[in-house]
Amino acid sequence: MGDTIEKVSIIISKGSLEGIYPGLIMANGARAEGIEANLFFTFFGLDAIHTKRLEHIKVAAVGNPGMHMASLIGVLPGMSAIATHMMEKKMEAFDIPGIPEFMELIGDTGCGMYGCKASVDLFGFHEDDFIEQVQGIITVGEFYEIATGGEIIFT
Amino acid sequence: MPVDTIAGTPVDVNEEGFLTDPSQWNDDIAVELARREGIDPMTERHWEVVRFMRAEYEAKGTGPTVRVLGKTSGVSVKELYLLFPKGPAKLAAKIAGIPKPRGCI
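Heads up: the protein sequence lines correspond to chains E and L, in order. Numbering of the first sequence is given in my numbering, commencing with residue 1 and proceeding in unit increments. Numbering of the second sequence is given in my numbering, commencing with residue 1001 and proceeding in unit increments.
If you are wondering where the hints come from, they were derived from the structure by calculation, not from laboratory data. Please note that a few of the clues may not be correct.
As the list claims (entries may be wrong) - On the chain L side, residues computed to face chain E include the following (Cβ under 10 Å):
#	residue
1	Val1066
2	Val1077
3	Leu1080
Idealized CB from N, CA, C, for every residue including glycine.
Excised from the complex, chain E in its bound form (with noise of 0.2 Å):
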């Protein structure tokens, strides 16, 4: 082993934009340095490359202590789009694309994407449910062997 990361490829497993976020900006930025990257949504993670639902990825509201707020000020109607509305204009201001433009940035970068079978199964989604730049809905044995020979990073 080097002394340098060659390959890395990072599992999206939460639906929710600061779930999905910290993946997709350490492959973007995997990519900038010249390492080999796959991203892989499970579970949730998928939302962030099903067509329908890329454009409305929200921010958890409730059970996130990280939004210093009480929970059940975070279950009042409204509460998640508020914050996620927050955040956005944020990002914005410093240039953080939002997830459909991110996500055409990682595909041109030439990073991996891939669906999980398992998750597509159990949510009843289809192949043709997801962006272009997904290359397959793979097994975990598939993800294994496209992950050979580098690091795995869950999140």
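Given the coordinates of chain E, work out where chain L should sit on it, guided by the hints.
Quick look at chain L alone, frame taken from chain E:
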């Protein structure tokens, strides 16, 4: 600070091999730095990106990230990765003799 002799010219570099004084840079240094990174020859498209990086650095004090480069240089992100497979912003900055861009996105 380490000194590296590139294309016959002694220049100051950091531990990653980036020039620390962009004014010591010239076209021959760019060609030699590119060759060391496996880019040979430097095509006109490579030069376009490298010159754009330098112009941005001179105007703003920092080189653009890949995303910004894709939006503003006239070379798409896809093509940038074809030209500089080991990281477009990082490699183009190195070849352009400017510091490595520090943006995360």
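Each hint tested on the structure:
Because the smallest distance between the Cβ of Val1066 (chain L) and any Cβ of chain E comes to about 5 Å, under 10 Å, the interface hint for this residue holds. Given the 10 Å rule on beta carbons, the hint for Val1077 (chain L) holds: about 4 Å separates it from the nearest Cβ of chain E. Using the Cβ-Cβ criterion of 10 Å, the hint placing Leu1080 (chain L) at the interface with chain E is satisfied: the shortest such distance is roughly 8 Å.
Violated hints are absent here; each numbered hint is respected by the structure.
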